[in-house]
Amino acid sequence: MAETLKNYIGGKWTASDAKRALDVRNPATGEAIARVPLSTAGEVRSAVAAAKAAFPAWRETPPLVRARYMFRLKALLEEHFEDLARTVTAEHGKIIDEARGEVRRAIENVEVAAGVPSLMMGYNAEDIAVGIDEDCVFQPIGVFACVAPFNFPAMVPFWFLPYAVACGDTYVVKPSEVCPMSQSRLFELLDAADLPPGVVNLVNGDKEAVDALLADPDVAGVSFVGSTPVGRYIYATAAAHGKRAQCQAGAKNALVVMPDAVIDRTVAAILTSAYGTAGQRCLAGSLVVAVGDVYEPLKAELVRAASRIKVGDGLDESTQMGPVVSKKSLDRILSYIEKGLAEGARLLLDGRKVKVEGYPNGYFVGPTLFDCVRPEMTIAREEIFGPVLGIVRVDTFDEAVATIEALPYGNAASLFTSSGKWAREFRYCVPCGNVGINVGIAAPIASFPFAGMKDSFFGDLHGQGRDAIQFFTDRKVVITRWF
Amino acid sequence: MELGTFGAILRSALDLESRAAAFYRAGARGDLEELFRRLAEGSEKRTKELERARREGVAEMILESISGLEADSYAVVLDPAADEEKRIEQGVRFEEATARFYRDAGAKMPIREIVRLFERLAKENDLRRERLTA
Numbered sequence: 001m002a003e004t005l006k007n008y009i010g011g012k013w014t015a016s017d018a019k020r021a022l023d024v025r026n027p028a029t030g031e032a033i034a035r036v037p038l039s040t041a042g043e044v045r046s047a048v049a050a051a052k053a054a055f056p057a058w059r060e061t062p063p064l065v066r067a068r069y070m071f072r073l074k075a076l077l078e079e080h081f082e083d084l085a086r087t088v089t090a091e092h093g094k095i096i097d098e099a100r101g102e103v104r105r106a107i108e109n110v111e112v113a114a115g116v117p118s119l120m121m122g123y124n125a126e127d128i129a130v131g132i133d134e135d136c137v138f139q140p141i142g143v144f145a146c147v148a149p150f151n152f153p154a155m156v157p158f159w160f161l162p163y164a165v166a167c168g169d170t171y172v173v174k175p176s177e178v179c180p181m182s183q184s185r186l187f188e189l190l191d192a193a194d195l196p197p198g199v200v201n202l203v204n205g206d207k208e209a210v211d212a213l214l215a216d217p218d219v220a221g222v223s224f225v226g227s228t229p230v231g232r233y234i235y236a237t238a239a240a241h242g243k244r245a246q247c248q249a250g251a252k253n254a255l256v257v258m259p260d261a262v263i264d265r266t267v268a269a270i271l272t273s274a275y276g277t278a279g280q281r282c283l284a285g286s287l288v289v290a291v292g293d294v295y296e297p298l299k300a301e302l303v304r305a306a307s308r309i310k311v312g313d314g315l316d317e318s319t320q321m322g323p324v325v326s327k328k329s330l331d332r333i334l335s336y337i338e339k340g341l342a343e344g345a346r347l348l349l350d351g352r353k354v355k356v357e358g359y360p361n362g363y364f365v366g367p368t369l370f371d372c373v374r375p376e377m378t379i380a381r382e383e384i385f386g387p388v389l390g391i392v393r394v395d396t397f398d399e400a401v402a403t404i405e406a407l408p409y410g411n412a413a414s415l416f417t418s419s420g421k422w423a424r425e426f427r428y429c430v431p432c433g434n435v436g437i438n439v440g441i442a443a444p445i446a447s448f449p450f451a452g453m454k455d456s457f458f459g460d461l462h463g464q465g466r467d468a469i470q471f472f473t474d475r476k477v478v479i480t481r482w483f
Numbered sequence: 001m002e003l004g005t006f007g008a009i010l011r012s013a014l015d016l017e018s019r020a021a022a023f024y025r026a027g028a029r030g031d032l033e034e035l036f037r038r039l040a041e042g043s044e045k046r047t048k049e050l051e052r053a054r055r056e057g058v059a060e061m062i063l064e065s066i067s068g069l070e071a072d073s074y075a076v077v078l079d080p081a082a083d084e085e086k087r088i089e090q091g092v093r094f095e096e097a098t099a100r101f102y103r104d105a106g107a108k109m110p111i112r113e114i115v116r117l118f119e120r121l122a123k124e125n126d127l128r129r130e131r132l133t134a
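Chains A and B, in that order, give the protein sequences. Counting along the first sequence from 1, when you hit position 27 you're at 27 in our numbering, and nothing is skipped either side. Counting along the second sequence from 1, when you hit position 60 you're at 60 in our numbering, and nothing is skipped either side.
The following block holds chain B by itself, in its conformation from the complex (with noise of 0.2 Å):
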């Protein structure tokens, strides 16, 4: 699907974010319990964030269309019955394929706010990546 409003794409990175908090917290158990119990909370926190930013970042008179986008281009499988390795694999692939949305959708948006808050979202999510690999 191609994310060609505001509304799109912030209605995508929520989907991303819910995405990563059931996967995190129904794939946290055994040595990953911990970790991915946090990871959890942190997407939950992030989703609070991205709908506060969908609630007061609009802003009529900039509301262009955008192009160039494609929701599919972000999709991972996410599998929380896989075995350690898998849900490690898994959420490194997640996390970087959610950074890359956000600096895409970042580059794209006629919001400055917005534009800070998808980069500080995809610098969250390369530290992320790198403590699932620790």
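Only chain A is shown next, with the shape it has when bound in the complex (with noise of 0.2 Å):
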């Protein structure tokens, strides 16, 4: 029998007594592979005075010695890596690298925050006045909270969690219900890695849970990352209960190919933009913007190369794209798949097609390219959050850069080029936080935020490194005079 994922609560591992459960299923194979209970706000009320407890003590501990807590928790991921990735893959079904990576990526988060001691030191200037000085420290705040998507299971978290702790702050995370065990394997080495009863807690829940940490008092900042309508619920409600809060939120991501682009790179980039984690990034690029004369050979080279996906069990190292989460997200795609083509959008490639010998209840679905997309289409504008990508052919670099204006959203954007001045251009105008120039997949390292614009983030600052330091904390400032 699959078993029951516990909360984690105070330094302890406690059965919910939620009424509510659902299974966690492998999507490779469809089987259940756990089950996660709906926790109550009782629950999270819990979590969050076990985290109020904590906090005054947790503050007071050098960041010097906080730091040694991250350098231990290091040393367990680094341990237990490949026992994290196959978790990843096993809840979600991304293929192991991109489990791997996710892994990696986490890690490196709790590596920068090692650094505290001297990401968290303030400023000062002496004579501000005669004979009086001025000081600007950065204090930790208290509780923060962060609702995780099920996408990167492992990582988003860890975007968050090593910084709010290394600054002082004491957490709270609430996993996808949808892939809720990662978070219970790293929940296992944050507790081998000592810390203090009540400075990291883990609830498992849905709506009910996220609802409780928005409205309780006690909760000083929520960190959210999913679809757009849920995190500008989640800014709202946050910001109406005097809350910090920071929503990265959907996206559709184009790529621009310009006609002096390098194609056999661009196209492995772009393949691994729009179909790695089966397009459930939301970095993943869901629209190829072709411009001028590219648009052909590009195409064909789009075909012929994505045809040549193996899709399969994500634990199976040759598999080069795995299924999508759930039945629920397959349905969806499918569903914008027959959008697209009854909008007038012409089918190159078929993902509808696919089937995985062995695995004959997987969520799988594979490559799916759409040509002759236009704009104002439903699968040129909405998120399939699916390897579904739609080519547009325009003919000048300024129409590229309007199609993508003209999205709601301003996650990600990538220009391919050989040209400095294109690429230059692209990156000073383009509305979106995270740019690539010849990268298909921008995603900003550990020490750099993840940044987001428009419809795709609510907020100021972003997950990860410096952000997350100012997030994380308050600016105090002294001003000292001697008499």
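Keep in mind that the hints were calculated from the coordinates and are not lab data. Certain hints may be false.
With a Cα cut of at most 25 Å, we get these calculated DMTMM-like pairs of lysine to aspartate or glutamate [unchecked claim]:
no., chain 1, residue 1, chain 2, residue 2
1, A, 74, B, 49
2, A, 355, B, 70
3, B, 108, A, 264
4, B, 48, A, 78
5, A, 421, A, 398
6, A, 74, B, 130
7, B, 48, B, 119
8, B, 48, A, 79
9, B, 108, A, 82
10, B, 108, A, 260
11, B, 45, A, 398
12, A, 6, A, 17
13, B, 45, A, 78
Calculated Cβ distances over 10 Å to all of chain A for the following chain B residues [said to hold, decoys possible]:
no., residue
14, 21
15, 56
16, 65
17, 93
Residues from chain B that face chain A, not an exhaustive set, calculated with beta carbons under 10 Å [stated by the list, open to error]:
no., residue
18, 8
19, 58
20, 81
Only a predicted model underlies this, so the values are computations on that prediction, with no experimental measurement involved. Note that the Cβ used here is the ideal one computed from N, Cα and C, for glycine as well.
Since each chain sits alone in its own frame, please combine them into the complex, following the hints.
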């Protein structure tokens, strides 16, 4: 029988008393591999209370000592690296390489957060008036929480948690109820790192748990990654309760290909962007904007290369694309393919036909490629979150940029070119937070913020790096005069 | 089997090193005891380097598919129970095939640290082959 996941509250693993629970399914096989409880508001309150109780002593713990916990955690993560990656693949479906990349990025965030003794340093000025000095210190605030998505179940909470904890705050994670197992494994390692009870807490659940976090007066701030409607709701609700919020939301990312692009390298990058993690990245390219004469050769090469992608179980090292996360996702993606056809796009590669031998119950959809996509079509405007790529043809660079500007989202955009001039123009003007030049997945490393604009982000300070340090601290200014 | 991913290539490299270590360990006897023992230790060390590379070298933004590399092209039969002459012959063929694997795979890898590692391992295989024939 599949294990029922527990909550981690106040340094103890606790069975939930929730009446509701869900199966966690391996997307490659469809089989239930765990049960996740949908915890009650009362359980959330207990987690927040534990975090609140731990805060005074934790904030007094010197940053150097807090950093040592990060070093211990890093060592544990390295030791259990492969097991963590396999857990990510088992519950999410992404191929094992992608899962390893995800765990790597989680570790990188721990490594960067370990620099907190320097990152948290304030600044000062003497003689701001005669005999008066002024200091600015960074102080931790209290209890923070994270509402995590299914697509990077190990990494996303680690855009936030290591920084919050290193800064002296205490933390509550609410993992995705679709993919909650990775966080349970990570919390086993946090437990092994011997953090004081209550510094980190894990509560499994769904909207009830999220609403309890948002309404709790002892939660100072919330970090969220997920869809735009939910991001907007969390941002508004958190603000209404006087909390800080940083909400990474949906995306519709364009990959612009100029006539002078290096086609074979460009196509390899586009395929990784569009079909990696079965298109379930918020940085996934979902529109190729072909400029001028590059259209025909690019299209031909995309069809040729995408049709060779091997779809299968992500734990098989030879697989190049895994299943999508759930039956619900699969159905939604298939409905978008239908919409694309109904609105007049031409299907060059039909992922609906894919069959994976030995996996009759897996949630597989193959690489799908549409041509003749126009910017007003649903598949050109809405986030599909699946391996569906559309080709839009334009005549000029300016038209390509206008296509991006017209999208409601501003998460990422990439340009493929050999021209420094076009590259400079593109990075300067596109209204997107993460820009790639000859890079299909513009994924910021841990010391840079994971940016986002327009309907792709609600808030001001982003996850990772220096933004995270600012989000998890207050600036206090002290003006001193001695008589 | 086609080696179409970063992970598949690293898995294949680890399999080669694991086979090498097992062959040299089991075949370390008689006049070849010292040489084979050292070669086995070398393979075990290389395994650790490859495991670390797989863990640390993976970069999501350039995890591009790879084509044109088949694991079967580098298969060599190893029999540690064979006589001394045959064991040396097999060892030489294995080191040659493994060097070729690292050079072919390195040429297709999008991650420069891994390319450098593979180039170094291939050179080591050349030296190991020389030691077997010295």
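Each hint tested on the structure:
no., hint, result
1, 74/A - 49/B, "holds (19 Å)"
2, 355/A - 70/B, "holds (23 Å)"
3, 108/B - 264/A, "holds (13 Å)"
4, 48/B - 78/A, "holds (13 Å)"
5, 421/A - 398/A, "holds (13 Å)"
6, 74/A - 130/B, "violated (41 Å)"
7, 48/B - 119/B, "holds (16 Å)"
8, 48/B - 79/A, "holds (13 Å)"
9, 108/B - 82/A, "holds (24 Å)"
10, 108/B - 260/A, "holds (23 Å)"
11, 45/B - 398/A, "violated (54 Å)"
12, 6/A - 17/A, "holds (10 Å)"
13, 45/B - 78/A, "holds (18 Å)"
14, 21, "holds (19 Å)"
15, 56, "violated (7 Å)"
16, 65, "violated (5 Å)"
17, 93, "holds (25 Å)"
18, 8, "holds (4 Å)"
19, 58, "holds (5 Å)"
20, 81, "violated (30 Å)"
Against the hints set out earlier in the document, violations occur for numbers 6, 11, 15, 16 and 20.
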